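Asks: This is what each chain is made of:
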Amino acid sequence: MTKSRILIDVELEPAIGSRFQPTGFPDLGHAEFRRPNGAASLLVESEQSMANHLEATLWDDSANEPVELIAGLPHVRVVRDDGSFVTSSRVEAHRLASAFVKDSTLGGANMVGIIRDRLGLSEDVLLDHRKIAREVFRLDPLALLHGVFFADGKWPGQPRIARAVTAFIEAEGVQRVESGGVKKDAVRHSIAEGSGGSSEGYGTVPFARTAWTAERIVASFSVDLKQIRSYGLGDAASSLLADLAQFEIRSLLNDGMRLRTACDLVPTGQPVIDKAGDPLPALEELEARVRAGVTAVGDVLDGASTIDVLWDGGKRKEKK
Amino acid sequence: MSTVLEVSLLWGRYQATPWNRTPNEGSVEWPPSPWRLLRALYASWKTHEPSLSSERVETLLGRLAEPPSFVLPSHTETHTRHYFPGIAHREGVKSDTSKVINATLVTERGARLWVEWMADLDADQREVLQLLAQGVRYLGRAESIVEVRVVDAAGDGDRLDPIASAETDSVRLLTPEVPLDLAALTLTPSMVRRDRRLLPPSTRWTRYCRPSPVRPERPRPAKIVERVEAVRFELSSSVLPSRFEAVTLADVAHRALVARSEGTSAVLRGRDAEGRRLSGLHGHAHYLPIPDRFDQGARRITGLVVWAPDGLTGGDLATVRGLRSLRSWRLDESGVGRMVVVGEGPPAVIAPELASTAAVWESITPYVMTRHHKGQLVDRLRADVRAELRHRGQPDDVVVELVPGSWLKFRRYRKGREGIAAQRAAFGLRVTFPEPVTGPLALGQLSHFGLGMFRPVVT
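Residue numbers (my numbering), protein chains in the order written: chain A, 101 to 420; chain B, 1103 to 1561.
What the hints contain is simulated information worked out from the structure, not anything from laboratory work.
The structure displayed is predicted, hence computed values, not measured ones.
All residues carry an ideal CB built from backbone N, CA and C; glycine is no exception.
Honestly, I wouldn't trust all of these hints.
[What the hints assert, rightly or not] Distance condition first, Cα-Cα at most 27 angstroms in a straight line; then the derived DSSO-like pairs of lysine-lysine: (1) A/K103 <-> B/K1476; (2) B/K1148 <-> A/K231; (3) B/K1148 <-> A/K326; (4) A/K103 <-> A/K231; (5) A/K254 <-> A/K103; (6) A/K254 <-> B/K1511; (7) B/K1201 <-> A/K254; (8) A/K231 <-> A/K326; (9) B/K1476 <-> B/K1511; (10) A/K254 <-> A/K231; (11) A/K284 <-> A/K103; (12) A/K326 <-> A/K375.
[Said to hold, decoys possible] Covered stretches of chain A, as calculated for chain B (at least 3 residues, CB under 8 angstroms): (13) 127 to 138; (14) 161 to 169; (15) 322 to 328.
Could you build all of it, start to finish, from the sequences and the hints given here?
Replies: Next up, the structure:
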């Protein structure tokens, strides 16, 4: 594994028709920009959004738990005192540093303190990055792929692990397609004073919609193998992380990306090859590698397994 | 000989906040400051090459303390905005959704920038620098992935050297003071602020000429004259106009568009520059109100089609597209608050209720004769309809029948322009053509204002 990075560009096209709807940003609408050569481009899916899609490939939404393939890898589950599921470090935007984890307790002790002690954080002591990486691996290995920032004053040094997997989707040579429609109300022809108006959902409301066509839609993926190796977890764990990253990418490409209602993108069918010329392995092969990898990292995990932490409902605590 | 680092922006995207600015100011540190580069090299050492001795690394970094020159690729700028997922998540407390501006510098994919120090390194130091350079995986945000390596010379691009005096159009970058203070290099921003400093100790601002973004030439498209035959609006209002006020609505829309175009558009106005009515094949704008239903149960007008058989282009098209609302005393309490364009194009596509192909057509709004004829009512009507069809270049061998309905409830004069004495006799008709014809079909008096509208009866 001497390659330092897996860099993949995949050409996509809308699954039906030629129009698609990109991510919208507050106040901005769609993020158009021009490259210096003049090409009109559009950010179809942001890095943050793609990270969510990649993580979703390893999470079973209906059961609120990780997919069976990685059931052997630990994570932090947040539950209420009646045992019902609240959230988990896999689902939360801030992963292990989520407020839900911070406000929870394990065996009566507050999670902030537990994490602080496990990562070996203390004032005036140098951050030991390898120890931190190892302990994060034992809490939730996927946090080492998608990044985690222990941003809280109670964690001295506030260590940060940058994301090792990055992805986004851009379109080039874009043109707007304006259309619109009417939400008809066949029952209520006019809105009289006092009865429900359009804000209540009654009435006929015309609307405008902007979609786009593009000459090229490209999804770009990067897996930073050098960063994964720098965690110092050893070959087995590093390989597992790299395989997990590739599994996420391959899953996403195979299933097609239904990003939003009017944005269903599928690969154009060309072989998926990284910049170094190596093909992205097929799903079955990656699945087999991950399965083997999960059993091989037993000594790194050192007995760690999924922990259930008790969330107190987020009530304000008294200052200690 | 100098020392040159080549930085490849693999995805052509670079996001880094300048020192002393917050991310929400939307600015990008460009070029990457020497301070950032040195910190990146130091971090690379500790993360990827911890076996290198501190003596070798510290000596190397010390050689790179002088402010370097840059050679930059061309760039543009963009940004996105995100609602940051608040970490408050507390019951009863308003959720924290601050908006974060993510400013990005865009270059071509794989574009390279070079950083050149006037420092002569020996072979060992170059080797150390090469190792450290390989460990710099990103600059700024983790998404700004880069590849860094030592090269012999910089390539082509805009050269930026440090400048001595503060010119107006310069950018300042954080650089270390010489000799390099490694303890200062490794301070975190919070430590710097804790000591009540704006800048880390042993640093200073160095000025460079400001690199300006390219204003990319929009590729000039072939001159396409956009020509649209009809624009369909959907009306939205608390009280929509009654269908009997079709002429009023059409008149108000006509006045609004003439006013918007300041009377200069012959197509929209129906008169030429001297104010004379346009003759010819009725190619100028028709204002056709669309009722909510096409049977006797119709009550309100819900749409309007502005149809110009000669086509709407350029300024006229822009004028029509810009129509947003119709307010007039003529519409009483039912002034139309909002109009939204829901279709542009051939009438058969955007208003198939009016414009598909059929042999039998029935009145939506009543027909008013244009000329005097002799004879029985039906014969007079037939003669009038035939004249109207001939005038529009349509086949005139038609059968005309009367259709009962509340045709006299329609207002048949233009309110405010004509008095009620001008109200004309009106009739509902069924017109049968020998062969199917394509609509829209608008005949008779005030046909440009919504009277004499027919709908195709598709069996």
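Asks: Hints first: check each against the structure and report whether it holds.
Replies: Hint check results:
no.	hint	in the structure
1	A/K103 <-> B/K1476	96 angstroms, violated
2	B/K1148 <-> A/K231	14 angstroms, holds
3	B/K1148 <-> A/K326	13 angstroms, holds
4	A/K103 <-> A/K231	24 angstroms, holds
5	A/K254 <-> A/K103	38 angstroms, violated
6	A/K254 <-> B/K1511	78 angstroms, violated
7	B/K1201 <-> A/K254	25 angstroms, holds
8	A/K231 <-> A/K326	17 angstroms, holds
9	B/K1476 <-> B/K1511	26 angstroms, holds
10	A/K254 <-> A/K231	19 angstroms, holds
11	A/K284 <-> A/K103	58 angstroms, violated
12	A/K326 <-> A/K375	16 angstroms, holds
13	127 to 138	holds (count 10)
14	161 to 169	violated (count 0)
15	322 to 328	holds (count 4)
Hints 1, 5, 6, 11, 14 from the list above are not met by this structure, while the remaining hints are.
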